[in-house]
Amino acid sequence: MEPGLAGTDAPREMPGPVLEMRGIAKRFAGTQALDDVSLALFPGEIHALLGENGAGKSTLIKIMTGVYQPDRGEILLAGSPVTVGSAAEAQRHGIAAIYQEPLLFPDLNVAENIFISHQDRGAFAHWRETFRKAEEILGELGVSLDVRSPARGLTLAAQQSVEIAKAISLKVRVLIMDEPTASLSAHEVAKLFKLVMDLRAKGVAILFVSHRLEEVFEIADRITVFRDGRHISTRTRAETTPQRAIADMVGRDMGLLQPRASLPRGELLLSVRGLAREGVFEGVNFDVHRGEVLGFAGLIGAGRTDIGLALFGIEPATAGEIAFAGKTVVIRRPDEAMEIGIAYVSEDRRQLGLSLPMSIAANISLPALRRYLDRLGLIRTREEHETAEFYRKRLSIRTPSVDLPVGKLSGGNQQKVMLSKWLNTHPSLLILDEPTRGIDVGAKVEVHAMIAELAREGIGIILISSDLPEVLAMCDRILVMREGRQMAILDRAEADAETVMTAAMGQSATVDTGARQ
Amino acid sequence: MNFIQRNIRPEQIRELSLLLLIVVAILIFGSLIDGYYTSRTFNRVASSVAIITVVAVGQTLVVLTRNIDLSVGSIVGCTAYFVGTLLALYNDMTPILAILIAVALGGAMGVVNGLVVAFGRVPSIIVTLGTLAIYRGILIEFSGAKTVTTDSLPMWVVDLPRLTLFTVGGLEIRAIVALAVVIVIVFQFGLAYLNVGRRFYAIGSNPEAAELIGLPVRRLVFIAFVLSGALAGLAGFMTLARFGTITVENGRGLELQVVAAVVVGGVNIFGGSGTVIGAMLGAVMIGTLEQSLFRLQISQFWLDALLGLLILLAVASDAIILNRLRALWSRTELKLVARSTDGKPPSPRGR
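First to last, the protein sequences are chains A and B. In this text, residue positions in the first sequence follow the numbering used here: the first is 4, and each later residue adds one. In this text, residue positions in the second sequence follow the numbering used here: the first is 26, and each later residue adds one.
If you're looking for bench data, these hints aren't it; they were derived computationally from the structure. Some hints here could point you the wrong way.
To be verified - Listed below are several chain A residues computed to face chain B (Cβ distance under 8 angstroms; list not exhaustive):
1. Glu115
2. Ser120
3. Ala126
Just so it is clear, CB atoms sit at the ideal spot from N, CA and C, and this is done for glycine as well.
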């Protein structure tokens, strides 16, 4: 499809688009988040936007709402070019967004939350009128809330109703909904959809971003798919199917990734049954053997990281059994996990993983610091150095000296320091959470080689990754999560991009669910 | 319980209990100190409270926006000294001009705080800790450690603290006290009924959301610091009138009393909630303690320690008691909201 015309093929009887994004490009340090993307929204349509994590959906939304400025391209409002320099300006243009986590002011009452952002309210907060108008709008929506009570403590669904009331009060022409249903129950989703339909009937253009395909195919008029910052397709609902949308989402070439050679399965290392953390994930069953790489696939928020955090005791599980090397264990704190030989390499290098101002050597020795203390409790820096040098060679960390602060290294080398740090605890189970996110291709290949080598040494590895080709190439088996539930465990032979994505998006027709060991 | 919940918010319970605490404190001091219930005690406490209150009103604005202004004591000291020096030089200056100069000088110091915090993006605790020292340093350098004395000031300034506007039941309401009350009323009204006032609450309650819906966050933070400075300037003038003799040490440590008043008065130190009335009640509590402990001949150091303890207690009770109350309140509210019952677990948070 020609990029310039993409997304303008609207149903004939419709007037011109209310908002049109043309040839938008946005680059962040090192990555092209959006590359010549076009999208048109027509009044009275629900337009779904699909894409994997990192496809560029959020970036586009932030450009529409004035949070980011595009590097190239233009934005047309009702046919004339405009700039959206700030959130206030987006609001003046009649563009509003509702996020997965509603952005309310907990200390202000419901009515104020609806009207606080109005620019033209005059000097006085006319309380009686504010309350009356708020009740009127919520009444129209069929929502009963006490407009005088503070927003603190409202359920997520109630908060979202307030957000929608806010959008209505602003007389929006374009409403962006970024995963509004992710935290709602089925009943609440049905109510939300009724509100969305009402807005559509009033001529509002709605951009609906969701990971739930069944919802998209329930309410969207047109469906656009992004992949890797590019516009892939825009089709009417009648023209497409969930399978076709998934194919568009994942259909990239596998690139340079060579599948890792499979090893004979070692002895059973970790066995998890009925693992759950209340309100986060539940009913998780899987085994990890020595020398095996088990992948955790799924979309952001599916609960993959949460299982990792539970196994490492950061946010302990509230139910279920964990058996490690044949013994039943309870893991309540990270030191208990480390004690039995579990290491967790966090996805969040900056916040959880590394102390950026500290030296490479100090970072690597940190989790196993007890081994480096002499009788007086002082750190034996020479041994610390030797360890750091060992890992520098083994993982080819590119640095002139291990005394350099970690913050000076590139992302890929920081990742290698993280890996060194946890390998130095001599784990038998290594949980890697997004180990290659945000690092360059060369470093990625090296990390993959390292994973393969560690597996050969008999370490069991759990690889949590949103990079589907990576999961497919590296893993012996793939556990697919969706919204806190385990959807499938796929053997390497039966797993491909589409089966994994289908399970991750809840299209369960072709995969059998539950644990299969 | 339902009746209470419908008509009173948890925050108001807090203000009412503080009022009760003040009454209890006064009863205790009354039984310990001979001749406590006299108009003389009232006047002493009231003029002390008036000054703390005016500064606490400004501090409330700043704290509401999730910031803090530690430089107020130095601003009070500076304006008291500079305006005192000016008045000593120009004895025929009109009262209005003198007050305006004090407010403008304090406001200018607030502008510096506000610019660096709001536009320089430096945490306010660091900025105002710095200006606390800088303003005091400038004062000491400028003054050459000399003192403004009562006999150099024009008569109207010396007479001002005893200027009584009217008398209520034997208690004289002095001009300084009336001024503080007017300021409390004006700012309470402004925060409750002006849109710009509500926005102070909004940006402290959820700064990220305020930014995303296009509220002028930086401008509001800047305004809060300027107002805090201007009110501290006014308090500087009141201090000059009250004491007549101003040394370079004047106003030192006032920030402790003011922050204590604000926090004890129920203004959330993390921003977003609290009222000017509450801050005034806090100031009444602090002023009563200060003057009564002085009468009991307990040292100033014990007072400071007590203030520190009060701040800790207030913040701790904020965290514990208020959250409990809120939970109780919102549980009642939840029943009003139709809840779904399809037994699906809530989805995981965005990871």
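Legend entry - Proposed interface contact between Glu115 (chain A) and chain B, which counts if any beta carbon pair is under 8 angstroms: With Cβ-Cβ at 6 angstroms, under 8 angstroms, it holds.
Inset, instruction - Could you check if Ser120 (chain A) really has its C-beta closer than 8 angstroms to a C-beta on chain B? - result: With a closest approach of 4 angstroms, the Ser120 (chain A) hint holds.
Inset, instruction - Go through the hint on Ala126 (chain A) and say holds or violated, using the shortest Cβ distance to chain B against 8 angstroms. - result: holds, 6 angstroms
Taken one by one, the earlier hints all hold for this structure without exception.
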